[in-house]
Amino acid sequence: MNPSYYLFLAALLFTIGALGVLLRRNAILVFMSIELMLNSVNLTLVTFSRIRGTLDGQIMAFFVMVVAAAEVVIGLAIIMSIFRTRRSASVDDANLLKY
Amino acid sequence: MPTDIQAPEILYGPLSPMLIVFAAACIGVLVEALAPAARRRGIQVVLAVGGLLAALVAIIVQRGARTLTAGDAIAVDGPTLFIQGVLVVLGVLSILLLAERGLDGSGGAVVARASTTPGSREDMRLADSDAMQSEVFPLAMFSLGGMMLFPASNNLLLMFVALETLSFPLYLMAGLARRRRLLSQEAAVKYFLLGAFASAFFIYGVALLYGYAGSVDAGKIFDATGDVGSNDVLLYLGLAMLAVGLLFKIGAVPFQAWTPDVYQGSPTPVTALMAACTKIAAFGAVLRVFYVAVGRDQWDWRPMMWAIAILTMVVGAILAVTQTDVKRMLAYSSVAHTGFILIGVIAVSKAGLSGTLFYLATYGFTTMAAFAIVTLVRDSSGEATHLAQWTGLGRRSPLVAGVFAFLLFAFAGIPLTSGFMAKFAVFQAGTAGGAGVLVVVGVVASAVTAFFYARVVVLMFFNEPAADGPTVAIPSALTATTIALGLAVTIVLGVYPQPMLDLADQAALFIR
Numbered sequence: 001m002n003p004s005y006y007l008f009l010a011a012l013l014f015t016i017g018a019l020g021v022l023l024r025r026n027a028i029l030v031f032m033s034i035e036l037m038l039n040s041v042n043l044t045l046v047t048f049s050r051i052r053g054t055l056d057g058q059i060m061a062f063f064v065m066v067v068a069a070a071e072v073v074i075g076l077a078i079i080m081s082i083f084r085t086r087r088s089a090s091v092d093d094a095n096l097l098k099y
Numbered sequence: 001m002p003t004d005i006q007a008p009e010i011l012y013g014p015l016s017p018m019l020i021v022f023a024a025a026c027i028g029v030l031v032e033a034l035a036p037a038a039r040r041r042g043i044q045v046v047l048a049v050g051g052l053l054a055a056l057v058a059i060i061v062q063r064g065a066r067t068l069t070a071g072d073a074i075a076v077d078g079p080t081l082f083i084q085g086v087l088v089v090l091g092v093l094s095i096l097l098l099a100e101r102g103l104d105g106s107g108g109a110v111v112a113r114a115s116t117t118p119g120s121r122e123d124m125r126l127a128d129s130d131a132m133q134s135e136v137f138p139l140a141m142f143s144l145g146g147m148m149l150f151p152a153s154n155n156l157l158l159m160f161v162a163l164e165t166l167s168f169p170l171y172l173m174a175g176l177a178r179r180r181r182l183l184s185q186e187a188a189v190k191y192f193l194l195g196a197f198a199s200a201f202f203i204y205g206v207a208l209l210y211g212y213a214g215s216v217d218a219g220k221i222f223d224a225t226g227d228v229g230s231n232d233v234l235l236y237l238g239l240a241m242l243a244v245g246l247l248f249k250i251g252a253v254p255f256q257a258w259t260p261d262v263y264q265g266s267p268t269p270v271t272a273l274m275a276a277c278t279k280i281a282a283f284g285a286v287l288r289v290f291y292v293a294v295g296r297d298q299w300d301w302r303p304m305m306w307a308i309a310i311l312t313m314v315v316g317a318i319l320a321v322t323q324t325d326v327k328r329m330l331a332y333s334s335v336a337h338t339g340f341i342l343i344g345v346i347a348v349s350k351a352g353l354s355g356t357l358f359y360l361a362t363y364g365f366t367t368m369a370a371f372a373i374v375t376l377v378r379d380s381s382g383e384a385t386h387l388a389q390w391t392g393l394g395r396r397s398p399l400v401a402g403v404f405a406f407l408l409f410a411f412a413g414i415p416l417t418s419g420f421m422a423k424f425a426v427f428q429a430g431t432a433g434g435a436g437v438l439v440v441v442g443v444v445a446s447a448v449t450a451f452f453y454a455r456v457v458v459l460m461f462f463n464e465p466a467a468d469g470p471t472v473a474i475p476s477a478l479t480a481t482t483i484a485l486g487l488a489v490t491i492v493l494g495v496y497p498q499p500m501l502d503l504a505d506q507a508a509l510f511i512r
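Those protein sequence lines, which keep their order, are chains W and L.
Position 37 of the first sequence, counted from 1, bears residue number 37 in the numbering used here, the numbering being contiguous throughout.
Position 156 of the second sequence, counted from 1, bears residue number 156 in the numbering used here, the numbering being contiguous throughout.
Derived from the structure by calculation, the hints contain no laboratory data.
Think of the CB as a built atom: it goes at the ideal place given N, C-alpha and C, for glycine as much as any other residue.
Any given hint could be a false lead.
Stretch-level coverage of chain W by chain L, calculated; a stretch enters the list once three of its residues show a Cβ under 8 Å from a Cβ in chain L [what the hints assert, rightly or not]:
hint: 1; stretch: 24-37
hint: 2; stretch: 55-65
Here are some, though not all, of the chain W residues that point toward chain L, as calculated from beta-carbon distances under 7 Å [unchecked claim]:
hint: 3; residue: 6
hint: 4; residue: 15
hint: 5; residue: 45
hint: 6; residue: 50
hint: 7; residue: 72
hint: 8; residue: 75
hint: 9; residue: 85
hint: 10; residue: 96
Simulated DEER-style distance windows between Cβ atoms [stated by the list, open to error]:
hint: 11; chain 1: L; residue 1: 509; chain 2: W; residue 2: 1; range: 43 to 51 Å
hint: 12; chain 1: L; residue 1: 388; chain 2: W; residue 2: 73; range: 36 to 44 Å
hint: 13; chain 1: W; residue 1: 77; chain 2: L; residue 2: 416; range: 32 to 40 Å
hint: 14; chain 1: W; residue 1: 90; chain 2: L; residue 2: 60; range: 48 to 56 Å
hint: 15; chain 1: L; residue 1: 35; chain 2: W; residue 2: 95; range: 36 to 44 Å
hint: 16; chain 1: W; residue 1: 15; chain 2: L; residue 2: 502; range: 44 to 52 Å
hint: 17; chain 1: W; residue 1: 90; chain 2: L; residue 2: 416; range: 48 to 56 Å
hint: 18; chain 1: L; residue 1: 468; chain 2: W; residue 2: 96; range: 19 to 27 Å
hint: 19; chain 1: W; residue 1: 93; chain 2: L; residue 2: 432; range: 45 to 53 Å
hint: 20; chain 1: W; residue 1: 96; chain 2: L; residue 2: 484; range: 30 to 38 Å
hint: 21; chain 1: L; residue 1: 432; chain 2: W; residue 2: 66; range: 41 to 49 Å
hint: 22; chain 1: W; residue 1: 90; chain 2: L; residue 2: 67; range: 25 to 33 Å
hint: 23; chain 1: W; residue 1: 95; chain 2: L; residue 2: 37; range: 33 to 41 Å
hint: 24; chain 1: W; residue 1: 96; chain 2: L; residue 2: 29; range: 27 to 35 Å
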């Protein structure tokens, strides 16, 4: 099977993730969409690794996973602190900072 | 057929500045775990400042280093060392601002306990106590370590890791303000979500460039751009995605939306760290990507960067005029400065590179001092950042208002300040590099920014102070040192810039 199909699949997943960030209003779901984008990056890396016949891409995918895991820790801590204050995780409710 | 993996050679000397800063950060975490609560803050400040000064000594010792190390992943060359040197000095100043606790009798700008809910009884009780969340010092050190690694990364994957190393602590620190905690937490959420979004674009760009070149080494990508017949779609898409992540960090339009909110909501010492150090580090990475990795493709990326530079200057300057909050005004002014610095980047020449480095140094010190002044003007609820509250400040406290006015003149680029020399350097490089139109836009945008800086000066000096206006706190030696050093650099680089220009000129050569 032509490996470039996986590149298109990854691009589709990345687009879905990006749209999710822009359209979803709940901070947790926005955050999950970002994770989807990172996972589509992993798929891209592994596919290019296969096409190119080098292992670099697979190793890079591990780095992305570790960074994504660290991001979960930081992100959930921040979202939880704002949820405890406002009893809401909607990004529309956080609107104190403006002109 | 498995082959033996060759361990890359690591030169510890050129890496020592970064290793020292990261080691100090790790020791800081241990101090949090093991030292008694009452003594942590003192130990952390000494550790952080000591670590940064040791790193500065290491940078001076290594000043001649021009080498690739760690499997070509890290490039220690002129621009890297110059930027790292500026970063550690500014890092010391921001640590001093974070450590300040003499302004209102409480424990400083950082929250006493971040886990308490804002507005709860415990939060009220702790608000005026002298406790503080002293984890902020190791966080700042990790962030500074990441910033030092960012411009040094010659490998895009390492650049991504450095980007996240510098960003994650900043996301947390943005939410640690003692006063107006709701604003601060909101700033943290916005910064985190948008920052993570931008870095997802960055790493997708890295993945596409890996597909294009078969490697993420800047040098290998440069080699691949010379091959005829490679898949240029991957190069353009990858570079565009990569640029989104980088332009977000430097706060260029159209990726500037987070800047005013985050600058306003964060504790002011953290804002100073973000505005000065993050921008310098991110510009270092921008230079490395555009000069080293895709330097050969400058005719492809320059039109896009032209558009972004023009937009950044115009939008930053115009929106700054409409602001009513000092921190937001400084945020938009930093956006406009991003545009000016981009002129130096777009020049793609040695003069452009050295002009950019010089501009970054001058901008960093002036910004640090300006935010330090913002921490001094206070009323009963903390810092008084609304511009109306600054009315007549020059009558009440001529010294503080005078220093702030001088810093604003430096931002505007009035002669005899460092801002003038910096603008002159990048505009000259831009003209020589064929970016004359950009320079014209830059001069016009400078004039617009000068208008609103002048408006603030008029507000401070030629209006009667309000009866219930804010007071100016007497800074302790910590904040006073920051302001004095920032001011001194602003004056000296305006009057006698030649040594610094020479230094930037000697540094202005990338290795690949």
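* **residue 96 of chain W paired with residue 484 of chain L, Cβ distance criterion 30 to 38 Å** => 34 Å, holds
* To do: Given the hint of 27 to 35 Å, check if residue 96 of chain W and residue 29 of chain L actually sit that far apart at their C-beta atoms.
  => 32 Å, holds
* **Cβ distance range 33 to 41 Å for residue 95 of chain W and residue 37 of chain L, holds or violated** => 36 Å, holds
* Taking the beta carbons of residue 509 of chain L and residue 1 of chain W, is their distance inside 43 to 51 Å? -> At roughly 48 Å between Cβ atoms, residue 1 of chain W and residue 509 of chain L fall inside 43 to 51 Å, so the hint holds.
* May I ask you to test the interface hint for residue 45 of chain W with respect to chain L, counting a Cβ-Cβ separation under 7 Å as satisfied? => 5 Å, holds
* Verify the interface restraint on residue 50 of chain W: the C-beta must sit less than 7 Å from at least one C-beta of chain L. => It is violated, given that the least Cβ distance between residue 50 of chain W and chain L is near 11 Å, above 7 Å.
* To do: Determine whether the Cβ-Cβ distance between residue 388 of chain L and residue 73 of chain W falls within the hinted range of 36 to 44 Å.
  => 41 Å, holds
* Regarding the hint that residue 72 of chain W lies at the interface with chain L, is the smallest CB-CB distance below 7 Å? -> Since chain L brings no Cβ nearer than about 10 Å to residue 72 of chain W, farther than 7 Å, the hint is violated.
* Do the numbers back the hint for residue 6 of chain W, that is, is its least Cβ distance to chain L under 7 Å? -> 11 Å, violated
* **Outcome for the supplied range 48 to 56 Å, where the beta carbon pair is residue 90 of chain W and residue 60 of chain L** => Holds, since residue 90 of chain W and residue 60 of chain L (Cβ atoms, about 51 Å apart) stay within the stated range.
* To do: Closer than 7 Å between Cβ atoms is the bar; does residue 85 of chain W clear it against chain L? Give me holds or violated.
  => 5 Å, holds
* Minimum beta-carbon distance criterion (7 Å), residue 75 of chain W to chain L -> Interface hint status for residue 75 of chain W: holds (6 Å vs cutoff 7 Å).
The structure fails hints 3, 4, 6, 7, 13, 22 (numbered hints given earlier, in ascending order).
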